[in-house]
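**Student:** Taken in order, these protein sequences are the chains called A and B. For my numbering, add 1155 to where a residue sits in the first sequence, where the first one is 1. For my numbering, add 1155 to where a residue sits in the second sequence, where the first one is 1.
Careful, some of the hints might be misleading.
One copy or two, it doesn't matter: identical chains are merged, so the pair holds either way.
To be verified - Heads up, simulated DSSO-like pairs for lysine-lysine below, C-alpha to C-alpha not over 27 Å straight-line: (1) Lys1399 - Lys1325; (2) Lys1416 - Lys1286; (3) Lys1222 - Lys1286; (4) Lys1222 - Lys1175; (5) Lys1219 - Lys1399; (6) Lys1399 - Lys1297; (7) Lys1222 - Lys1287; (8) Lys1372 - Lys1351; (9) Lys1422 - Lys1297.
Please keep in mind that the hints were generated in silico from the structure rather than gathered at the bench.
2 protein chains.
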Amino acid sequence: MNNLPIGVFDSGVGGLTVAKEIMNELPNENIIYFGDTARVPYGDKSRETVTSYSRQIVEFLMGKEVKCIVVACNTASAYALETVRHEVDIPMIGVVKPGARTAASATRNGRIGVIGTEATVRSHLYNDYLKKLSPNVSVFGKACPLLCPLVEEGWIDDPVTEEILRRYLKELIEKDIDTLVLGCTHYPILKNAVAKVTGENIRLVNPALETARELKKLLEEKDLLSSGTAPVKHCFYVSDGADKFRDFANSILPCEIIETKDVNIKKF
Amino acid sequence: MNNLPIGVFDSGVGGLTVAKEIMNELPNENIIYFGDTARVPYGDKSRETVTSYSRQIVEFLMGKEVKCIVVACNTASAYALETVRHEVDIPMIGVVKPGARTAASATRNGRIGVIGTEATVRSHLYNDYLKKLSPNVSVFGKACPLLCPLVEEGWIDDPVTEEILRRYLKELIEKDIDTLVLGCTHYPILKNAVAKVTGENIRLVNPALETARELKKLLEEKDLLSSGTAPVKHCFYVSDGADKFRDFANSILPCEIIETKDVNIKKF
Chain A
1156 MNNLPIGVFD SGVGGLTVAK EIMNELPNEN IIYFGDTARV PYGDKSRETV
1206 TSYSRQIVEF LMGKEVKCIV VACNTASAYA LETVRHEVDI PMIGVVKPGA
1256 RTAASATRNG RIGVIGTEAT VRSHLYNDYL KKLSPNVSVF GKACPLLCPL
1306 VEEGWIDDPV TEEILRRYLK ELIEKDIDTL VLGCTHYPIL KNAVAKVTGE
1356 NIRLVNPALE TARELKKLLE EKDLLSSGTA PVKHCFYVSD GADKFRDFAN
1406 SILPCEIIET KDVNIKKF
Chain B
1156 MNNLPIGVFD SGVGGLTVAK EIMNELPNEN IIYFGDTARV PYGDKSRETV
1206 TSYSRQIVEF LMGKEVKCIV VACNTASAYA LETVRHEVDI PMIGVVKPGA
1256 RTAASATRNG RIGVIGTEAT VRSHLYNDYL KKLSPNVSVF GKACPLLCPL
1306 VEEGWIDDPV TEEILRRYLK ELIEKDIDTL VLGCTHYPIL KNAVAKVTGE
1356 NIRLVNPALE TARELKKLLE EKDLLSSGTA PVKHCFYVSD GADKFRDFAN
1406 SILPCEIIET KDVNIKKF
């Protein structure tokens, strides 16, 4: 059981920021990553659609005998995790709760901003969970639909990206937030550009990192850590466009991906 | 037969620019529009995926007894039209050929630019068809993945959009093009911003308008024009997010949409 891989899935390439943090925190673990690139983005889709897609991917990962599943997608964590986790007998964690917990303990003035896709912001899941943790916090959400394509264009350290961030973040800064959750898996790649706009007084929370830390704790608690005796091997699957996925993955992961396989996910 | 509706489909909201031009050119015709909002965008998907999605939508529209089908999506026109048109017994036209024909006759120096999604540009369909029409033209494609989200954000007449357009169009202007095809259905909404960057010496080709004109000719030739005796009624269907679709549609169409219906397109 311990040497089985960890399943990680996302609507596309964004969840690779979570895979990257898992590789850093848990260097002995094998990862099976699934990116649903044929149906990306999940951000505009309904709760029912996202839940049905997530269920198919979980079935695919279960077929690969994973020991746990990380939902490395804010939209799927928001819409699907609570339903689908009860349908399997292995642990499943999402990116929302670890990010929310860190934000709740980081804030000093109780004013927290959350940026993400339209669905993540509209779903209010960060808000709901933050309010459960600290009933007195005020949470301000802002949908930033241009940020994912900017990341995928590679316009990372770029004046256009900074100007767009300034616009998106203006109303949050005016709300006097002291903590900002990067509530979409693409956004950690823009962390430096965000920090330039928010300045030193706003603490940035990276749910990808917090999720990897929480996963480590979970595997320790359940005695599921890999024995570390075999060489590490990660596998990457996508529902469309394996070559394009591999190029992006190689630009952000600490290891080189040689092969990415195409999967007909609708069969699951 | 004549009073049956015209089927129009797109991966999402973009094809509404084509529906709008059809409403202007053919005010007596009824339109049944399908926007595949659950699976948008098609731009990043493979030829096989886009063909299979298009086939499902064509079956849905055939079930609504349309007299012809307009593929109001550049990616689907590029990847799926040639295959799917042979599977039905009603006329089908796409947006690529009308746009290409206009561009080929408009150019004076034989240097034509095409902007679009990654798939449209990578597919080389505009290039191939333009070369068939005029073997000596030079065609320069440029993928502009940020433009659709900018349109959907409503940042239409905006300095950020102009700066992004300046970057995207710089290399095409340097190639000394005299004609530019707006090769994605969202782009006609940015026509004024594009014109500011390209200036007076570059002729902009709007395939949405050219497609509506070609459709009019086709219906005249086949004696399929509506008799115009009944009040016009348009119907809108989407695979996800009917409310959001309706808001966007109402911001660009010359008529008010009261109702948009959700369809489970995967059943087709």
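**Student:** All hints, please: hold or fail.
**Tutor:** Results of checking the hints against the structure:
Taking the shortest alpha-carbon separations for Lys1399 and Lys1325, only the inter-copy value of 25 Å comes in at or below 27 Å, while the best intra-copy value is 34 Å. Proximity of Lys1416 to Lys1286 under the C-alpha cut-off of 27 Å is found in neither arrangement, the shortest distances being 41 Å within a copy and 35 Å between copies. Within a single copy, Lys1222 and Lys1286 get their C-alpha atoms no closer than 31 Å, and across copies no closer than 55 Å, so neither meets the 27 Å cut-off. For a Cα distance limit of 27 Å, the shortest separation of Lys1222 from Lys1175 inside one copy, 18 Å, qualifies, whereas the shortest one across copies, 52 Å, does not.
Proximity of Lys1219 and Lys1399 under a CA criterion of 27 Å is satisfied intra-copy only: 23 Å inside one chain copy versus 37 Å between copies. When the C-alpha separation of Lys1399 and Lys1297 is checked against a cutoff of 27 Å, the pair qualifies only between copies, where the shortest distance is 17 Å, while the shortest distance within a copy is 29 Å. For the identical chains of this complex, Lys1222 and Lys1287 are neighbours neither inside a copy (29 Å) nor across copies (56 Å), given an alpha-carbon limit of 27 Å. For the homomeric pair Lys1372 and Lys1351, neither the shortest alpha-carbon distance inside one copy (32 Å) nor that between copies (56 Å) is at most 27 Å.
In this homomeric assembly, Lys1422 and Lys1297 never come within 27 Å of each other (Cα to Cα): the closest approach is 36 Å inside a single copy and 35 Å across copies.
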